[in-house]
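Asker: Note that the protein sequences, when read in sequence, are chains S and C. First residue of the first sequence? That's 1 in my numbering, and the numbers climb one at a time after it. First residue of the second sequence? That's 1001 in my numbering, and the numbers climb one at a time after it.
Hints are computed from structural coordinates only; laboratory data are not their basis. These numbers were taken from a predicted model, which means no experiment stands behind them. All C-beta atoms, glycine included, are put in the ideal place defined by N, C-alpha and C. Treat the hints loosely; a few may be bogus.
Said to hold, decoys possible - Each pair of labels, with its calculated beta carbon distance range: (1) Glu53(S) x Asp1150(C): 34 to 42 Å; (2) Arg39(S) x Lys1273(C): 19 to 27 Å; (3) Arg39(S) x Met1272(C): 41 to 49 Å.
Chain by chain, the residues run as shown.
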Amino acid sequence: MDQAVQSKQAGHDRSRYAHIDGWGADLDRRNCPAYPMERTPPRLENPPTHAPEQQPVKVKVFHSTERSDITPIFGSTVPPSGISGRLRAWAFRYSENNVFHWLLLLLADRVNMMEGIGGDLRRGHMPNLFREMGGRAELKHNPVGFARKVAIASVVVGVGCYFFSRRSRRID
Amino acid sequence: MLAMNYRGPYRVRAQHKAEPAIEHPNDAIVRVTRSCICGSDLHLYHGMVPDTRIGSTFGHEFIGVVEEIGPSVQNLKVGDHVLVPFNIFCGTCYFCQRELYSNCHNTNSEATAVGGIYGYSHTAGGYDGGQAEYVRVPMADVGPTVIPPDLDPDDAVLLTDALPTGYQAAEMGDIEEGDTVVIFGAGPIGIFAAKSAWLFGAGRVIVVDHLEYRLNFVKTYAQCEVVNFKEVRDMAIHIKKMTDGLGADVCIDCVGCEAVGNAMQSLTGRYMKLQSGAATVLHWCINCVRKGGVVSIVGVYGPTFNAIPIGNAVNKGLTLRMNQASVKRHLPRLIEHIQAGRIDPKQIITHRVPLEEVADAYHLFSSKLDDCIKTVLIPPRTASATAAVPV
């Protein structure tokens, strides 16, 4: 017999696992309430007897072109708006099978981020990037890393300012 | 109400927004008493999931008290303390009839692959999540489960996703007695997958990660072997040396699209977005498992495509199994395991943070600071009753 097979069979000794809480408790998975992985009808207490009724549509909700319509239940949070909303509408003209659909949605997300900053400023709220990016936790738990990031950012900003000022002087 | 508010990649804040309302006769409004930050929330936080809109509230792991119910709700009453599975499902569609609750066809208009998920982008239905004081819970008659009185709320909140996902990862591995199981990722899901592998009778459980503090934790908590992949030259050779040259019987991916460990995968997947995240762990799983073995995938990947050695999978005759966890199906057995003392989920909680400090909590978890494994967010009304410590 192959040495690897012998080794595997030799290792089979239940007493080796006595120190492991619950070892083998689900070894015979037919005894598990969740066996098999898929079963019809589903094991629900008081299962619903009919499909859910349609949730009233009060905001713009996109639906995949792989569906005929909006699902009976949907999330209504953050409806599409602005340029990102138009990009999303464009994306939903393509099926999930088309990578263009997903790339447009990612683009819309980045545009939406800029819209979010614009919206904050319009409401007179200056986003606190330090706090929003967890700067306090970084400062407390990784002060060396924080100092390194500040140093790198300072160098980048400094170099940028230097080249910008040189260019401005040349134009003058 | 106070809620987590997404402002763009790596930017979140706690902000007041309107309280949710009943929008469907089978809705409930739940006052959140605890919510967790999940590893998969970090994919949203890092801007990896398409259609993640500014102003969204994340959070698909939460428990709370029923405050209001819609007119058709019969299985819940106001005042019930419930754990809410992360899947939003109808219980009646083709897929729910097969207990594939995570694939419900009636709760996500925007995509067909996955059903609705709380606070997980519009690609998962556009629902607000539970990192807030209140949350709308659709299909209240089928989703939520009343928390048994002897179950610790910290255990209950981990039953909404992390524990069932780890358990299903092991279940999908079709582990046979004495099998060698290699689990990639020592985060909460990987830790619970390791624990679950023993329940299914594994002979060896090996967990792979690069964070020493997590490897040390899982080694003690799940009584398993550990491998730090930063100390390994070639993962496939290393695992084969550990398994008499055959490879593992089962490999489990508990990492997903933000894996580190392969520069090319990280460059093309995480930074250039030329694929749906880095498929490093899928690559390792396929090449580390033995011929005829099983690869189980619960790590989250994006919807486009990934570079994986599918030819090797074909030539080795592998079985690949994957899905989001069907949480409701697992709850009865997992509650039994907790009550019997076989699993103590709450041990993985390392941080309790007030909801007001959500930005710091995300950064802490994302950057793996302060030996963070699992963070629980405590909303203001609950904070007085529990020990929430600013990070």
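Asker: Evaluate each hint against the coordinates.
Answerer: Hints, one by one, checked against the model:
One distance hint, 34 to 42 Å for the beta-carbon pair Glu53(S) and Asp1150(C), holds here, with the actual separation near 37 Å. With their beta carbons about 39 Å apart, Arg39(S) and Lys1273(C) fall outside the hinted range of 19 to 27 Å. Here the CB-CB span from Arg39(S) to Met1272(C) is close to 43 Å, well matched to the stated 41 to 49 Å.
Checked against the numbered hints given earlier, the structure breaks only hint 2 and satisfies all the rest.
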